[in-house]
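Start from the sequences and build out the full structure, keeping to the hints where you can.
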Amino acid sequence: MRSPRAHLLILAVLLAAGNVAWTFMRSGVPFALEGTVERIEVRREKHPGLDDVHLVTIGGRTLQLDADVAGALHEGDHVSKQAWSWRLSTPREPVRLGLSNDARGMLVTMPLLVLLGWMALRWGARSSAQ
Amino acid sequence: MSKTATLRQHVVTVLRMAALGGIGVLVFVALLGERSDYAGHFIAGYGGTLGLFALPLAMLGAPLRREPLVLVIAAIAIGAGLEATIFRLAQFDPVDFFNQSLGAALAGIAVLGRPRAVLPAAAAFVLALAFLSLGARLAFA
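Residue numbers (our numbering), protein chains in the order written: chain A, 80 to 209; chain B, 99 to 239.
Treat the hints as calculated values from the structure; they're not laboratory data. Beta carbons: idealized from backbone N, C-alpha and C, even for Gly. You can take every hint at face value.
Once the Cα atoms are required to be at most 20 Å apart in a straight line, the calculated SDA-like pairs of lysine to any residue come out as:
hint: 1; chain 1: A; residue 1: K125; chain 2: B; residue 2: T183
hint: 2; chain 1: A; residue 1: K125; chain 2: B; residue 2: G131
hint: 3; chain 1: B; residue 1: K101; chain 2: B; residue 2: G159
hint: 4; chain 1: B; residue 1: K101; chain 2: B; residue 2: A219
hint: 5; chain 1: A; residue 1: K125; chain 2: B; residue 2: R235
hint: 6; chain 1: A; residue 1: K125; chain 2: A; residue 2: A146
hint: 7; chain 1: A; residue 1: K125; chain 2: B; residue 2: I184
Far from chain A, some chain B residues (derived; all Cβ distances over 10 Å):
hint: 8; residue: S100
hint: 9; residue: L105
hint: 10; residue: G149
hint: 11; residue: M157
hint: 12; residue: G159
hint: 13; residue: L180
Below you can see the structure in the form of structure tokens.
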């Protein structure tokens, strides 16, 4: 069995990766989409206008998307895109998908926090060995 | 081990607990400042988990080895339950869950291998209250 140090660090890496993955998925880039926008729902969170949850139902499938992407769509639009494409076709001009500020922030913040944990583990090993 | 060396060990534990949470929340504020709720969930998860460590730190015994991982997993489960129930506003937010759980994991790292004593136990309790309060302010400010 590996040490608790390794387990805690692996746990931190998985949680950090989950954060990066989830904020990236909200861009819509990983998904293949084909169908009609059936419903666009905005649910308010703690800070209305800043952390709202945008749920978009396309072809019977509900996704949480970034505000910019959801804001470019209208109910009744026929949209399509291939998985991992950065362009979403709509009846109007295509929507260019991109990383939100959240996703960009997570890309830097999460590795730094894992690095902080790793340094603390190394420092802890050294100071407890003294 | 001399009294001075023992006291130094406990002071190091207190500094680790304060520094990991403090630096972590500063990183969030610096890089994701407009989403103060992210920093709030992180530091609340960190503080809540430190609070769980106050009791085992106060008990007699060998330095904390296996306990941190067990308590971190318990803290993550408690956090998931809270996020799914009383703190569920728009929906269960995976980002909030990841942030608070990452805080819990770093709290486990802060105390892992540290010797037990009243001083770090009391500090864990006080820091837990301070970080939970800061978390609430950041999350709901």
